[in-house]
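Work the whole structure out from these sequences, hints included.
Heads up: the sequence lines are chains A and B, in that order. By the numbering used here, the letter at position 135 of the first sequence is numbered 135, and the numbering carries on one by one without gaps. By the numbering used here, the letter at position 273 of the second sequence is numbered 273, and the numbering carries on one by one without gaps.
If you're looking for bench data, these hints aren't it; they were derived computationally from the structure. Hints may contain errors.
Identical chains blur together in the list; that is why a pair holds if it fits in one copy or across any two.
Derived pair list, reagent style SDA-like, types lysine to any residue, alpha-carbon separation capped at 20 Å [to be verified]:
{"#": "1", "residue 1": "Lys225", "residue 2": "Val103"}
{"#": "2", "residue 1": "Lys225", "residue 2": "Gly274"}
{"#": "3", "residue 1": "Lys75", "residue 2": "Glu15"}
{"#": "4", "residue 1": "Lys31", "residue 2": "Asp124"}
{"#": "5", "residue 1": "Lys31", "residue 2": "Asp16"}
{"#": "6", "residue 1": "Lys225", "residue 2": "Glu92"}
{"#": "7", "residue 1": "Lys75", "residue 2": "Thr205"}
{"#": "8", "residue 1": "Lys31", "residue 2": "Gly132"}
{"#": "9", "residue 1": "Lys225", "residue 2": "Ala110"}
{"#": "10", "residue 1": "Lys75", "residue 2": "Gly10"}
{"#": "11", "residue 1": "Lys31", "residue 2": "Thr314"}
{"#": "12", "residue 1": "Lys225", "residue 2": "Ala202"}
{"#": "13", "residue 1": "Lys225", "residue 2": "Ala33"}
{"#": "14", "residue 1": "Lys137", "residue 2": "Leu299"}
{"#": "15", "residue 1": "Lys225", "residue 2": "Cys91"}
{"#": "16", "residue 1": "Lys75", "residue 2": "Pro55"}
{"#": "17", "residue 1": "Lys137", "residue 2": "Val304"}
{"#": "18", "residue 1": "Lys31", "residue 2": "Arg251"}
{"#": "19", "residue 1": "Lys31", "residue 2": "Pro9"}
{"#": "20", "residue 1": "Lys75", "residue 2": "Ile212"}
{"#": "21", "residue 1": "Lys31", "residue 2": "Pro76"}
{"#": "22", "residue 1": "Lys137", "residue 2": "Asp302"}
{"#": "23", "residue 1": "Lys225", "residue 2": "Ile212"}
Number of protein chains: 2
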Amino acid sequence: MRGVIMREPGDVRVEDRDMPTLLAPTDAIIKLAATCICGSDLWPYRGAEAVHERPMGHEYVGTVTEVGADVTSVKPGDFVVGSFMASDNTCEICAAGYQSRCVHGEFAGAGGAQAEYLRVPLADGTLVATPGVPDPKLIPSLLAASDVLGTGWFAAVAAEAGPGKTVAVVGDGAVGLLGILAARQLGAERIIAMSRHADRQALATAFGATDIVEERGDAGVARIKELTGGLGAHSVIEAVGTQEAMEQAIRSTRPGGHIGFVGVSHGVSIEGQGLFYSEVHLHGGPAPVRRFLPELIQLIWDGVIDPGVVFDLTLPLEDAAEGYRAMDERRATKVLLTV
Amino acid sequence: MRGVIMREPGDVRVEDRDMPTLLAPTDAIIKLAATCICGSDLWPYRGAEAVHERPMGHEYVGTVTEVGADVTSVKPGDFVVGSFMASDNTCEICAAGYQSRCVHGEFAGAGGAQAEYLRVPLADGTLVATPGVPDPKLIPSLLAASDVLGTGWFAAVAAEAGPGKTVAVVGDGAVGLLGILAARQLGAERIIAMSRHADRQALATAFGATDIVEERGDAGVARIKELTGGLGAHSVIEAVGTQEAMEQAIRSTRPGGHIGFVGVSHGVSIEGQGLFYSEVHLHGGPAPVRRFLPELIQLIWDGVIDPGVVFDLTLPLEDAAEGYRAMDERRATKVLLTV
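Written out as structure tokens, the structure reads:
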């Protein structure tokens with residue numbers, strides 16, 4: 001089969017690779033319908049994270065082709081969506097809603113989901129079958145649920161977005177944009193998108209942002225304060241993972257407010273005394289997407305949300321390298337690869 | 001009147017000072033019945049915080065002697081307990097329960113509560129009258145409510161201690177010990193006190209600790225994991241404020257668990273990626289004691305809790321310097337000063 005390999009930073013190839021096989025009785029093999037490139041794939045691409053001959057990709061939707069002897073909840077022929085983190089969905093941590101930290105968890109993208117086929121571990125606890133074979137037009141949205149929507153959703157939940165709340169979103173990448181969609185669905189009253197790019201501002205507004213703030217740093221904080229009676233937002237989503245973004249988030253949140261941070265931290269250090277006196281709630285990490293999948297699939301199936309519009313470039317798998325370049329150069333927000 | 005001044009680190013004196021007077025129509029003057037020395041007073045005492053000629057003390061109970069023209073909720077003759085942070089208790093931040101960050105807030109200890117009299121700003125929003133003149137034996141407990149109990153209580157609430165939860169407490173000072181009492185009152189199933197001192201272990205047990213862990217660092221984390229099925233505690237109270245204590249807290253909490261941190265951060269820096277993957281909830285800061293005061297006063301009045309036993313040394317105000325020495329040398333956990 002064909003699959004994406006990142007040989008070194010910046011060097012993405014589509015190569016012939018071995019077909020995945022069942023390794024455990026809890027595994028499933030799926031034939032992908034679509035996959036995509038994640039903002040986090042850019043960290044190794046840009047050399048900010050070590051990489052060598054790594055099979056890439058961890059977002060996937062597709063049809064089950066084979067299941068291990070212990071798998072009972074999905075069967076060959078089912079169309080499924082799964083989280084980027086495999087989970088048993090039965091341990092105490094999963095039961096508490098933190099499937100991304102399942103005691104038996106493993107990275108579902110270990111085999112590389114930017115490929116024709118993928119082995120998914122712990123299939124019963126990781127995959128969720130859709131109500132039927134989806135209309136092709138739903139596939140981008142279902143694919144988004146696998147990570148980027150689930151992550152934006154978790155950020156909004158962690159930030160306690162909800163009725164009566166003002167939510168500020170730091171980061172206008174796909175996760176931040178879908179955090180806006182999530183905050184809107186969760187009933188937030190006002191949603192402030194921090195963005196300087198016209199195309200992303202437009203998508204932010206389409207997803208439910210009520211205000212756009214172009215300023216950053218001190219000026220960005222001042223603008224958020226100005227929009228919130230001097231207090232700061234109730235809820236802030238941090239969807240970048242840099243020091244600047246985390247400081248922006250902490251300083252934009254009112255005392256007693258909540259920050260949901262989902263940008264994978266790179267070189268971030270939080271000064272304790274500043275955090276202490278900010279009196280905010282801070283919660284984040286790898287999103288427990290599996291917690292939200294049944295609800296998200298239903299919302300997509302029913303046409304309530306259309307997160308798939310976040311994909312602004314669609315390429316065949318063979319052109320993955322161009323997809324990486326487009327995201328790296330910010331010519332695309334999020335790239336879907338057809339398989 | 002007589003009052004405590006810290007001239008320089010380590011140099012505590014009781015001196016003649018001017019009687020406080022009403023400065024604003026929202027002020028009250030109280031004649032103190034008792035005051036005490038806070039663990040946080042040791043930071044400047046030890047030179048970890050700059051200090052010069054500072055009136056000390058921010059914990060107080062006593063009788064109102066005078067009120068400004070706008071004060072309506074307390075009157076001369078009332079016995080009152082107040083928070084160390086003055087608050088209007090009406091602004092949006094107070095209404096959300098964060099009176100320690102009131103938009104009109106100021107430090108109630110600015111005048112120095114280790115004294116015979118104290119001016120309390122924003123009296124209506126800061127002071128709570130007791131149901132009557134208290135029995136002298138209740139005074140230590142009511143005094144504790146002013147900060148150390150209120151802070152331990154906030155830590156337990158921030159850590160979401162409650163039924164079915166295992167709570168670990170980092171720090172065996174007065175705040176940590178009263179965090180144990182709070183966790184017990186909030187219904188925690190199991191409470192693990194981290195302490196190496198026999199006398200504090202005994203008090204921890206009396207307040208409701210079910211387990212004692214003497215190990216620290218890696219060994220301390222391993223022991224907490226061992227006691228919690230390998231997962232870590234649901235709730236962790238951090239009541240120290242050092243780098244070591246914060247790391248202990250983060251590493252002892254299970255994914256999805258909650259940390260309430262109330263030790264005033266000194267030189268703490270939280271590494272972002274470690275926090276990200278820990279997937280904990282982190283919340284803390286100066287305790288909004290006023291939120292809890294009515295409930296805490298009632299619990300003390302009804303004899304349900306007896307936090308005053310945390311005072312293991314009682315001295316007259318004139319002997320304040322010896323009180324500081326006793327706490328600095330860990331001969332005393334918490335010193336009450338009679339006025």
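- If any of the earlier hints don't hold here, list their numbers in rising order. 3, 7, 9, 10, 12, 13, 16, 18, 19, 20
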